[in-house]
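Engineer: Spelled out, the chains give:
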Amino acid sequence: MAKKPPITNKVREMREAHGGVTQAALGDAIGVTRQTIIAIEQDRYSPSLESAFRIARFFKVGVEDVFGWEG
Amino acid sequence: MPFREKSAWVMAAIIAITAGLYAAMVGTLPSAVPALPVVIGFVVALAILSVFGQIAIAVLSPKDANAAADERDRQVTQRASSIAGTVLTCGVVLALGTYVIGHGGSVMFHAVFASLIVAQFCEYALTIWFYRRGV
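Chains Y and D supply the protein sequences, listed in that same order. Just so you know, we're using the numbering used here here: the first sequence kicks off at 1 and counts up by one. Just so you know, we're using the numbering used here here: the second sequence kicks off at 1001 and counts up by one.
Hints in this document: simulated from the structure, not taken from any laboratory. Glycine included, C-beta positions come from ideal geometry on N, C-alpha and C. Hints are supplied without guarantee of correctness; some may be wrong.
[As the list claims (entries may be wrong)] Sample of chain D residues with no beta-carbon within 10 Å of chain Y, all distances over it, derived: (1) ILE1014; (2) MET1025; (3) ILE1048; (4) SER1050; (5) VAL1100; (6) ILE1101; (7) HIS1110; (8) ALA1114; (9) VAL1118.
[Unchecked claim] With beta-carbon atoms standing in for the labels, derived distance ranges: (10) D:ALA1045 x Y:ASP43: 39 to 45 Å; (11) D:VAL1051 x Y:GLU13: 41 to 47 Å; (12) Y:GLY19 x D:PHE1052: 41 to 47 Å; (13) D:SER1082 x Y:GLU13: 33 to 39 Å; (14) Y:PRO6 x D:CYS1090: 28 to 34 Å; (15) D:ALA1016 x Y:ARG12: 33 to 39 Å; (16) Y:GLY20 x D:MET1001: 19 to 25 Å; (17) Y:LYS60 x D:VAL1093: 51 to 57 Å; (18) Y:LYS60 x D:GLN1078: 31 to 37 Å; (19) Y:THR8 x D:GLN1078: 23 to 29 Å; (20) D:GLY1105 x Y:PHE53: 52 to 58 Å.
[What the hints assert, rightly or not] The list that follows gives simulated cross-link-like pairs (lysine to aspartate or glutamate, EDC-like), each with its CA atoms no further than 20 Å apart: (21) Y:LYS60 x Y:GLU41; (22) D:LYS1063 x Y:ASP28; (23) Y:LYS10 x Y:ASP28; (24) Y:LYS60 x Y:GLU16; (25) Y:LYS60 x Y:GLU13; (26) Y:LYS4 x D:GLU1071.
Could you put the whole structure together from the sequences, leaning on the hints where they help?
Structural biologist: Structural data, given as structure tokens:
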């Protein structure tokens, strides 16, 4: 079984807090597929640093407001 | 399900079916000599089924089919290809070993061909695994 990545995130909470942005809309905005957003939310994929910054910038918050480290 | 995972499922199924048929046909041949018509038949069947399989899933999800690979797709592909490459290398080395210990060129041919098929199947299986369980 694949090891769970040590990076946690609040992408789902952020989407809901920002008027229910869809996974597809967020994916389009940062340049990944809807499935990748789903994988990030389910902790099955840790995004690249660039995508992490893009997500944080999309929500107009800092990276550490969206992503955390539980390693 | 990501388009590339659907594609990997289709390709894994096609390879399993065509390779099974190929192995069954080769097994019934009177000698171990590689039969060119069977090899060509396998390759042509694989190519035709792959094209129709890919068209079918593209028709069912045209938007996903036209989307470029994103960072996760590339990471999955790279890891699956890397491991499949190692499988192929091991298979070829084993095939060369069969020749060295005196099994002849025919056995080596079949072993190399089997390595190609197994490595390709591994690549699709690993692609599915990484999409479902994480890269």
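Engineer: Next, verify each hint and record whether it holds.
Structural biologist: Each hint, compared with the structure:
1. ILE1014: 22 Å, holds
2. MET1025: 38 Å, holds
3. ILE1048: Its Cβ never comes within 10 Å of chain Y, the nearest being 29 Å, so this holds.
4. SER1050: 22 Å, holds
5. VAL1100: 38 Å, holds
6. ILE1101: 38 Å, holds
7. HIS1110: Check passes; 34 Å lies beyond 10 Å.
8. ALA1114: The claim holds: ALA1114 of chain D sits with its nearest Cβ about 28 Å from chain Y, beyond 10 Å.
9. VAL1118: About 22 Å separates VAL1118 of chain D from the closest Cβ of chain Y, which puts it past 10 Å; holds.
10. D:ALA1045 x Y:ASP43: 39 to 45 Å: At roughly 41 Å between Cβ atoms, ASP43 of chain Y and ALA1045 of chain D fall inside 39 to 45 Å, so the hint holds.
11. D:VAL1051 x Y:GLU13: 41 to 47 Å: 44 Å, holds
12. Y:GLY19 x D:PHE1052: 41 to 47 Å: 43 Å, holds
13. D:SER1082 x Y:GLU13: 33 to 39 Å: 35 Å, holds
14. Y:PRO6 x D:CYS1090: 28 to 34 Å: About 32 Å separates the Cβ atoms of PRO6 of chain Y and CYS1090 of chain D, which means 28 to 34 Å holds.
15. D:ALA1016 x Y:ARG12: 33 to 39 Å: Given a distance of about 37 Å, which is inside 33 to 39 Å, the answer is holds.
16. Y:GLY20 x D:MET1001: 19 to 25 Å: Hint holds: Cβ distance 23 Å, inside 19 to 25 Å.
17. Y:LYS60 x D:VAL1093: 51 to 57 Å: 55 Å, holds
18. Y:LYS60 x D:GLN1078: 31 to 37 Å: 33 Å, holds
19. Y:THR8 x D:GLN1078: 23 to 29 Å: 25 Å, holds
20. D:GLY1105 x Y:PHE53: 52 to 58 Å: 56 Å Cβ-Cβ, so the 52 to 58 Å window holds.
21. Y:LYS60 x Y:GLU41: This hinted pair holds, its Cα atoms lying about 18 Å apart.
22. D:LYS1063 x Y:ASP28: Judged against 20 Å, a Cα distance of about 12 Å means the pair holds.
23. Y:LYS10 x Y:ASP28: 18 Å, holds
24. Y:LYS60 x Y:GLU16: 14 Å, holds
25. Y:LYS60 x Y:GLU13: 14 Å, holds
26. Y:LYS4 x D:GLU1071: 18 Å, holds
The structure agrees with every numbered hint stated previously.
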